[in-house]
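Engineer: Order-wise, the sequence lines are chains X and E. Just so it is clear: in the first sequence, position 236 is 236 by the numbering used here, and no numbers are missing. Just so it is clear: in the second sequence, position 16 is 16 by the numbering used here, and no numbers are missing.
Hints in this document: simulated from the structure, not taken from any laboratory. Computed from a prediction, not measured in an experiment: that's the story for all the values here. Some hints here could point you the wrong way.
Using 25 Å as the maximum straight-line C-alpha spacing, the simulated SDA-like pairs for lysine to any residue come out as follows [unchecked claim]: (1) X:Lys200 <-> E:Arg265; (2) X:Lys200 <-> E:Ala285; (3) X:Lys200 <-> E:Glu287; (4) E:Lys18 <-> E:Ser90.
Example chain X residues on the side facing chain E (calculated, C-beta under 7 Å, incomplete) [as the list claims (entries may be wrong)]: (5) Glu14; (6) Ser53; (7) Asp187; (8) Val190; (9) Ala192; (10) Met216; (11) Gly217; (12) Val218; (13) Thr261; (14) Glu263; (15) Leu269.
From the derived model, a few chain X residues whose C-beta atoms are all more than 12 Å from chain E [what the hints assert, rightly or not]: (16) Leu22; (17) Ser49; (18) Leu58; (19) Gly67; (20) Ile88; (21) Glu112; (22) Pro126; (23) Arg205; (24) Ala220; (25) Glu221.
Heads up, the beta-carbon is just placed ideally off N, CA and C, and yes, glycines get one too.
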Amino acid sequence: MTEPVISVRDLRVEFVTRKGILRAIDGVSFDIMPGEVLGVVGESGAGKSVTGSAIIGLIEPPGRIAGGEIRLHGQRIDNLDPESLRRIRGRKIAMIFQDPLTSLNPLYRVGEQLVETILTHTDLGPAAARARAIELLNEVGIPAPERRIDGYPHEFSGGMRQRVVIALALCAEPDFIVADEPTTALDVSVQAQIIALIRKLCRERGTAVMLVTHDMGVIAETADRVAVMYAGRVAEIGPVRDVVKHPLHPYAKGLMGAIPTLEAEADRLVQIPGSMPRLSNIPQGCAFNPRCDRVFDRCRVERPDPDIPRFGLEGEAPLMPGHRVACHLYTRNPVENAS
Amino acid sequence: MMAQTKPSETFVEVRDLKRVFDVSRPWLNRVIERQPKAFLKAVDGLSFDIRRGETFALVGESGSGKSTVARMAVGLLPVTAGSVLIDGVSMTDVKDSQTRQQLRKRIQMIFQDPYASLNPRWRVERIIAEPIHAFGLLKGEQVTARVGELLTLVGLHPDDGRKYPHEFSGGQRQRIAIARALASSAEFIVCDEPTSALDVSVQAQILNLMRDLQKEFGLTYLFISHNLAVVRHMADRIGVMYLGRLVEISEGKRLFSAPRHPYTRMLLDAVPDLGMTGRQRQMVAGEIPNPINPPSGCTFHPRCPLANERCKREPPAMLDGVACHAVQEGRVS
Ligand SMILES: Nc1ncnc2c1ncn2[C@@H]1O[C@H](COP(=O)(O)OP(=O)(O)OP(=O)(O)O)[C@@H](O)[C@H]1O
Ligand SMILES: Nc1ncnc2c1ncn2[C@@H]1O[C@H](COP(=O)(O)OP(=O)(O)O)[C@@H](O)[C@H]1O
Ligand code: SF4
Ligand code: SF4
Ligand SMILES: [Mg+2]
Ligand SMILES: [Mg+2]
Numbered sequence: 001m002t003e004p005v006i007s008v009r010d011l012r013v014e015f016v017t018r019k020g021i022l023r024a025i026d027g028v029s030f031d032i033m034p035g036e037v038l039g040v041v042g043e044s045g046a047g048k049s050v051t052g053s054a055i056i057g058l059i060e061p062p063g064r065i066a067g068g069e070i071r072l073h074g075q076r077i078d079n080l081d082p083e084s085l086r087r088i089r090g091r092k093i094a095m096i097f098q099d100p101l102t103s104l105n106p107l108y109r110v111g112e113q114l115v116e117t118i119l120t121h122t123d124l125g126p127a128a129a130r131a132r133a134i135e136l137l138n139e140v141g142i143p144a145p146e147r148r149i150d151g152y153p154h155e156f157s158g159g160m161r162q163r164v165v166i167a168l169a170l171c172a173e174p175d176f177i178v179a180d181e182p183t184t185a186l187d188v189s190v191q192a193q194i195i196a197l198i199r200k201l202c203r204e205r206g207t208a209v210m211l212v213t214h215d216m217g218v219i220a221e222t223a224d225r226v227a228v229m230y231a232g233r234v235a236e237i238g239p240v241r242d243v244v245k246h247p248l249h250p251y252a253k254g255l256m257g258a259i260p261t262l263e264a265e266a267d268r269l270v271q272i273p274g275s276m277p278r279l280s281n282i283p284q285g286c287a288f289n290p291r292c293d294r295v296f297d298r299c300r301v302e303r304p305d306p307d308i309p310r311f312g313l314e315g316e317a318p319l320m321p322g323h324r325v326a327c328h329l330y331t332r333n334p335v336e337n338a339s
Numbered sequence: 001m002m003a004q005t006k007p008s009e010t011f012v013e014v015r016d017l018k019r020v021f022d023v024s025r026p027w028l029n030r031v032i033e034r035q036p037k038a039f040l041k042a043v044d045g046l047s048f049d050i051r052r053g054e055t056f057a058l059v060g061e062s063g064s065g066k067s068t069v070a071r072m073a074v075g076l077l078p079v080t081a082g083s084v085l086i087d088g089v090s091m092t093d094v095k096d097s098q099t100r101q102q103l104r105k106r107i108q109m110i111f112q113d114p115y116a117s118l119n120p121r122w123r124v125e126r127i128i129a130e131p132i133h134a135f136g137l138l139k140g141e142q143v144t145a146r147v148g149e150l151l152t153l154v155g156l157h158p159d160d161g162r163k164y165p166h167e168f169s170g171g172q173r174q175r176i177a178i179a180r181a182l183a184s185s186a187e188f189i190v191c192d193e194p195t196s197a198l199d200v201s202v203q204a205q206i207l208n209l210m211r212d213l214q215k216e217f218g219l220t221y222l223f224i225s226h227n228l229a230v231v232r233h234m235a236d237r238i239g240v241m242y243l244g245r246l247v248e249i250s251e252g253k254r255l256f257s258a259p260r261h262p263y264t265r266m267l268l269d270a271v272p273d274l275g276m277t278g279r280q281r282q283m284v285a286g287e288i289p290n291p292i293n294p295p296s297g298c299t300f301h302p303r304c305p306l307a308n309e310r311c312k313r314e315p316p317a318m319l320d321g322v323a324c325h326a327v328q329e330g331r332v333s
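Starting from the given sequences, assemble the full structure and let the hints guide the process.
Structural biologist: In structure tokens form, the structure reads like this:
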């Protein structure tokens, strides 16, 4: 059996603030296999970026990893000293952020930044590194790379810059990439190109990718599996087809129905009442319970963990392996639930 | 309060609208670096009508000129040429300024960023009452009652009027902006990306609210968004913009079932497919060119699979809802 590239178990991240300790991530677990794209969706503040930062080792005070384990190829990386962490971060793990300018230094030519990264993380010499940089720019779809390599970041359009950032992320041939909203700042036509690029690179190189976005459409096109986050927890996780087409968790269902599509005929969008709770005020039991139209007594006291759904609700698709839902509706007999 | 809706009546008429920005470097730099003056045609000859009580949407990628049209339509930005007529009154002709002043209260705008459009130092009740005072519509107790009524209308509580904008979430702030727009009983509301900064579940709440209010008060919307799915959900008719020009105007759903202009087709192909139908798509090539130096002829020609010599020379005119030589020559269905 193949080993996961990244394995996250029961992750907890806290921020120490004047108002007390805020738990931003509370018991998140998932694996990502080689060549697999795990999409992470959820509304702003759900904890997507903090989860990504925790894996990369970029949580800084007042934040801290307060519990759980993160493993890369079976080895723990959540408790490494800063030096070892930095080495892993360059070589084995790379990241792509929403704003390409956070990853590019405006004062240096694009080529210089690529070559330096290649020299640091591989055994190539300067000439070979430059050739490799041109090859990478070509691979991410920059036209005339041998000419563009000597340009400065501001000479590239937004979409081209994001391609450069992806090339930069690929320099060290990492095993794992965290891409946090990589297409959110881009126009749809460019977004589609970047999505296709990430998908292709991941397939060809066997890189594992954690793709964070609030855009369900992007997930549907790119991811193999998807995790829906709510209030720092995973509400539902499973193969992308199952979760997008047949969401089980009441929040995931609401979220899908709320999105206008190019096909739907509905006159009104599904509306989830209320809004996501503040970290200082997460409800007891199921975090979604004050907004849930299926809530029952148990939801207010006992927290549901992501689990294989034992019971389907009437009219719902057969349950798929690998699909996990954190909702009491699926852990008990539906007849009991009705009471 | 109820507007009489006569559905086929033209309410807004935009004719040959143009806006040019001077984007030259400062004079001294130009002289030293020997650069000529530079102009950017943000909106380059736009014409469309909006019927009373309908939602007309403008879609297009960043920089296509949507917000510039919006700001000219409400009179926030002077036009370079062309005209905007609202209920027969010109928003652009200076001689009309008296009647225009009267029209002002019937027009309101909602912006993408509810944080920036609400005065952070004012209580919500004062923000919402501002148009009421500005147009001298009501006095004293009546104002308080009206503000409470408006807050309830947009799904907030009358007591929320005592609070400040920062005490609300993004979606709630957009509700406040909508309440303010309704305060002067506006009939025409220009909405520039009203939900683009919001999460999908909050977006659904706001879009549903906007539709409910439209039904209740017979509102006319100019609705601007870069999100095609949102536009499809909201609009009766849609105009697609590219580099300051309209390339296609269509009845809402038809734009999606039978797109005609090559750019419209490209945009639709690029939308990530939530339905996962596995539909075949043609990969989009290239990006929007620099608007300071737009391509000659049809400005879409460098990205268009159907471009020929004529396209490079001659800008296509809008004919029967589409501005494209290939369509007009019958080279595409
Ligand atoms: N005040 C200004 N001075 C100079 N150029 C401007 C000004 N306002 C807008 N522009 C330019 O006019 C063009 C159209 O801008 P506009 O803001 O209308 O686009 P938009 O379609 O609303 O884009 P977005 O989707 O990014 O909001 C752009 O190229 C923009 O840079
Ligand atoms: N430095 C910080 N201090 C305090 N709270 C933080 C900090 N960074 C993030 N948070 C909180 O953690 C939660 C999750 O944030 P984030 O992961 O950025 O959400 P997402 O990426 O899903 O929008 C939010 O409630 C956010 O306010
Ligand atoms: S556990 Fe209860 S409250 Fe939570 S989503 Fe399921 S039914 Fe709703
Ligand atoms: S006019 Fe020519 S270049 Fe422009 S969209 Fe039509 S076919 Fe393409
Ligand atoms: Mg984030
Ligand atoms: Mg705009």
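Engineer: For each hint, tell me whether it holds in the structure or not.
Structural biologist: The hints, checked one at a time:
The hinted pair formed by lysine 200 (chain X) and arginine 265 (chain E) meets the criterion: a straight-line CA distance of about 24 Å does not exceed 25 Å. Only pairs whose Cα atoms come within 25 Å are accepted, and lysine 200 (chain X) paired with alanine 285 (chain E) is accepted, the gap being roughly 17 Å. The suggested pairing of lysine 200 (chain X) with glutamate 287 (chain E) holds, with an alpha-carbon distance near 20 Å, which does not exceed 25 Å. This hinted pair checks out: lysine 18 (chain E) and serine 90 (chain E) have alpha carbons roughly 15 Å apart, not beyond 25 Å.
This hint is violated: glutamate 14 (chain X) has a C-beta 23 Å from the nearest C-beta of chain E, more than the 7 Å allowed. Interface hint at serine 53 (chain X): violated, since its Cβ lies 20 Å from the closest Cβ of chain E, which is beyond the 7 Å cut-off. At its closest, the beta carbon of aspartate 187 (chain X) sits 4 Å from a beta carbon of chain E; the interface hint therefore holds under the 7 Å criterion. Checking valine 190 (chain X) against chain E: minimum C-beta separation of about 6 Å stays under 7 Å; hint holds.
Taking 7 Å as the C-beta cut-off, the interface hint given for alanine 192 (chain X) holds, the closest approach to chain E being about 4 Å. Checking methionine 216 (chain X) against chain E by beta carbon gives a least distance of about 6 Å; that is within 7 Å, so the hint holds. Taking 7 Å as the C-beta contact cut-off toward chain E, the hint placing glycine 217 (chain X) at the interface holds, the least distance being around 3 Å. Interface hint status for valine 218 (chain X): upheld, as the beta-carbon distance to the closest one in chain E is roughly 5 Å, under 7 Å.
Using the Cβ-Cβ criterion of 7 Å, the hint placing threonine 261 (chain X) at the interface with chain E is satisfied: the shortest such distance is roughly 5 Å. For glutamate 263 (chain X), the interface hint holds, the least distance from its beta-carbon to any beta-carbon of chain E being 5 Å, beneath 7 Å. The criterion of a C-beta within 7 Å of any C-beta in chain E is met by leucine 269 (chain X), whose closest approach is roughly 4 Å, and the hint holds. Every CB of chain E is more than 12 Å from the CB of leucine 22 (chain X) (nearest about 17 Å), matching its label as outside the interface.
Against chain E, the non-interface label of serine 49 (chain X) holds: every CB pair exceeds 12 Å, the least being about 14 Å. Annotated as non-interface, leucine 58 (chain X) keeps its C-beta farther than 12 Å from every C-beta of chain E; the closest such distance is 24 Å. Non-interface call for glycine 67 (chain X) relative to chain E: holds, since the shortest CB-CB distance, roughly 28 Å, exceeds 12 Å. A cut-off of 12 Å between C-beta atoms confirms that isoleucine 88 (chain X) is not in contact with chain E; the least separation is 32 Å.
Distance check for glutamate 112 (chain X) against chain E: the nearest CB is about 24 Å away, which clears 12 Å, and the non-interface claim stands. Once the 12 Å rule is applied to beta carbons, proline 126 (chain X) is consistent with being away from chain E; the minimum gap is 32 Å. Under the 12 Å C-beta cut-off, the non-interface status given to arginine 205 (chain X) relative to chain E holds; the minimum distance is some 20 Å. The Cβ of alanine 220 (chain X) does not lie farther than 12 Å from every Cβ of chain E; its closest approach is about 5 Å, which violates its non-interface assignment.
Separation of glutamate 221 (chain X) from chain E is inadequate, the least Cβ-Cβ distance of about 5 Å not exceeding the 12 Å criterion.
Checked against the numbered hints above, the structure breaks hints 5, 6, 24, 25 and satisfies the rest.
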